[in-house]
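Could you fit the two chains together into a complex? Lean on the hints.
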Amino acid sequence: MEAQFNIILIGGSAGSLQPVISILEQLPEDLRIPVVIVLHRLRNVQSEMDRLLSVKKKITEPEDKEKILPGRIYLAPQNYHLMLEADDTFMLDYSELVNFSRPSIDMTFSSAAIAYQHKVMAILLSGANHDGAAGLCEIAAQGGTAIVQDPAEADFDVMPLAAIAMCDRARVMSIEDINLYIKSNTQAD
Amino acid sequence: MNEEISMADYLEVIQVIRLRYGYDFTGYAQASLKRRLVRFMGHANVASVFDLKHQLVNDANFFNQMVQYLTVNVTEMFRDPAFYKTLKEVVLPKLAAYPNIKIWHAGCSTGEEVYSMAILLHEAGLLERTRIYATDLNPANLERAASGVVQLEYMKEYTANYIQAGGQQDFSDYYTARYDKVILQKELRKNITFFQHNLVTDQVFNEFQLICCRNVFIYFNRDLQNDVLKLFYDSLSPWGYLALGIKESLRFTEMKNAFENVHMNHKIYRRKR
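Listed in order, the protein sequences are those of chains S and D.
Using my numbering, the final residue of the first sequence is 199, and nothing's skipped along the way.
Using my numbering, the final residue of the second sequence is 331, and nothing's skipped along the way.
It is worth saying that the hints were derived from the structure and are not from the lab.
Certain hints may be false.
[As the list claims (entries may be wrong)] Residues on chain S that point at chain D, a partial pick, calculated with CB under 10 Å:
| no. | residue |
| --- | --- |
| 1 | R51 |
| 2 | N54 |
| 3 | V55 |
| 4 | E58 |
| 5 | D74 |
| 6 | I78 |
| 7 | T99 |
| 8 | R112 |
| 9 | S120 |
| 10 | Q197 |
All of these numbers come straight from a predicted model, not from anything done at the bench.
Just so it is clear, CB atoms sit at the ideal spot from N, CA and C, and this is done for glycine as well.
For reference, chain D alone in the conformation it holds in the complex (with noise of 0.2 Å):
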């Protein structure tokens, strides 16, 4: 399948997505960018790169398309419970001794994990006095975060998440089920600002407490990784905590000795002052 499409094509396309819509894919992990953008080819009946690079120069309606694609859409709520427990453990007491908590969700997708955090916040009381800041780069990603609109499915394996990460209330409670879907609780809704923001291209724009970008790092290759890695830390006050994805670290970056460990484990960091 990938084999279709050639590495000198490959960077034509990158590069044709960034002088033209200002969107830089070109520190992105190669092995999962690549077969993404097959299989948006095959989604989109493009038969050739020749012809991906005319529809892409031509017409921004197919590129919003290609973005849905090449961005990973994928989240649950509560996912790796044990990782929320250690938050609420280890984290959320420290945040508790600032007036104002600031936390960012970078890469937040389609907001499960930003509700999470703000029931968590909430079942520790906190939730009044903080501020949640989640923003991708993905602006439909963004609209369906921001109507905290859930499908029903879902929600099974959400409380089973939830009761696993120490949960301690009526999981069904935060939210409202109506046919095949369900809308959380505004209650919830209200301390979170959901923006547009890409970690490639924008800057720091406040100083936070907690910096939570679970998977959204694996995306990128490792010079990229220490640019974003700087972008937090630049971020974050003193002492502030930083979250990764289970599987990811900061061992293969030159950001290493910046932050020191949480829980190793659970892969949560703090800077050094």
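Isolated chain S, as found in the complex (with noise of 0.2 Å):
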């Protein structure tokens, strides 16, 4: 059978690191699939977000041009936006703010919409702007599959609501049904 997905995008701003922390540890062992995280933050200061999020697997920011491999995780780099090519590679662009971010999750998922259309898998989470909700939305456009984390148990519901009052086509889930959506989604039979 043809794999439902080929890439899993999370995004998130204000209270998310907690929830991110969460997907990652329960992340199947043998998921053969790439993850992409996109987080804002700071701009020009040391961050060891990286090796924060370094939960159960080694999470790398890619360089520009760098070959997306199945089961590896990535985290967008500070100040850069991160895009996705039809070629499976990575393409970093430092244009302006959007949404007053770089990264931004909207250029991310919606890159991510036209190079692998109804095969994407994307989570938005806690955070206090809109950021994420166009991108999601075109993800939803292209046939795939658009995850909002439940306004009611995240720490900053203003994305989660926003995703969910622009894209109708959105699916509402606690951490724990995302945990186990992905675990029965990606499985190899």
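Quick look at the structure:
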């Protein structure tokens, strides 16, 4: 059977660190697709976010033109937008802030919608602005799966609520359900 | 948003620009350029690709506006402060051995990194005998860069970057504030030459001990990256330095063996003989 998903994207802002760690901890051991994480981050300060998130597996910040490899977990670097190209490579972009953010979740989600179409699972977590909502809609429009953290359990509900308001195909789930969903939809038969 | 324009349309628009205006965007990375094209269509109120091509062919002014959108005009002073610190500690002492220092900032945008370099050179006592050539394909960027004017609102961040980069003076000594703008000291500007150069279509024009091309490269596809690296190689003196953005890399290019690593994390390379 053809795999349902070719890539998992996770976007988050304020209050998303714990949920991201929880998802990473629960990822299936034999996950054979890449995971790309975009978190809003400060721009010109030394950051250890990649190490902080390396809970079970090493997480890396991709360089421009790096190949997107199955089973690897990537984190959008500070001060760049991270885009995905159809030839399975990353492209970094240093254009204007989008939604006051660089990296912007919208930029990554929207490039993935074009490159991977219905093969994308995108998860939008807690946050205090509207970034990610438009990108999530584009993923849903391409037939991909758009998941939003249940605003009731999010530390900051602005981002999940914005996505739900904009994108009627978004599926609202608790972190627990998200973990179960990943498990049951990425396992090889 | 992006699906409004098909791949065929995209390629056709690029073709029109190339034939009519001589700007070649063929080798640009698609994800980003396509997005910029769609954004421009929204901004210019152009409903269809047909209209876009029609206006492009008939109106050079329209094209000039479009270039503003297709090129990325975003930059910062002392972006990635740790990179500038390394430049100052590792590269500048080597450059000091040359009687005359020549530096090329390729794709300098509005000049913020060029002025950062000038400040470092000044503090190292090297600015007097340095000539900086700062180029960009976008004439509007060059005009702004040459004016030495920066928005005041950014200076707080730039000052923090400067201090992290190991800056030795009071950063405000380098500029004069007027209302919501600052103008950088004339002294910093006098050894800089700004002019138009297109990395895709133009050639070698001098020999340099250091080329800075930070965050320009990312907009090119791999083939074009290779071509531009050859141009840099040919423009460097033996053992000349090349500085890229910190997430850019020679690893994925054919030219990687022509350079050696000077600093892995900050992407400073050196031409092998």
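Going through the hints against the structure:
For S/R51, the interface hint is violated, since its Cβ never comes within 10 Å of a Cβ in chain D; the closest pair sits about 13 Å apart. The interface hint given for S/N54 holds, since its Cβ lies 6 Å from the closest Cβ of chain D, which is under the 10 Å cut-off. The interface hint given for S/V55 holds, since its Cβ lies 8 Å from the closest Cβ of chain D, which is under the 10 Å cut-off. Hint status for S/E58 relative to chain D: violated, with the closest Cβ pair at about 14 Å, above 10 Å.
A least Cβ separation of about 5 Å between S/D74 and chain D falls short of the 10 Å threshold, and the interface hint therefore holds. The interface hint given for S/I78 is violated, since its Cβ lies 12 Å from the closest Cβ of chain D, which is over the 10 Å cut-off. For S/T99, the interface hint holds, since its Cβ comes within 10 Å of a Cβ in chain D; the closest pair sits about 8 Å apart. A hinted interface residue such as S/R112 counts as satisfied when its beta carbon comes closer than 10 Å to some beta carbon of chain D; here the least separation is about 9 Å, so the hint holds.
For S/S120, the interface hint holds, since its Cβ comes within 10 Å of a Cβ in chain D; the closest pair sits about 6 Å apart. Evaluation of the S/Q197 hint against chain D yields a violated restraint, the C-beta minimum of about 30 Å exceeding 10 Å.
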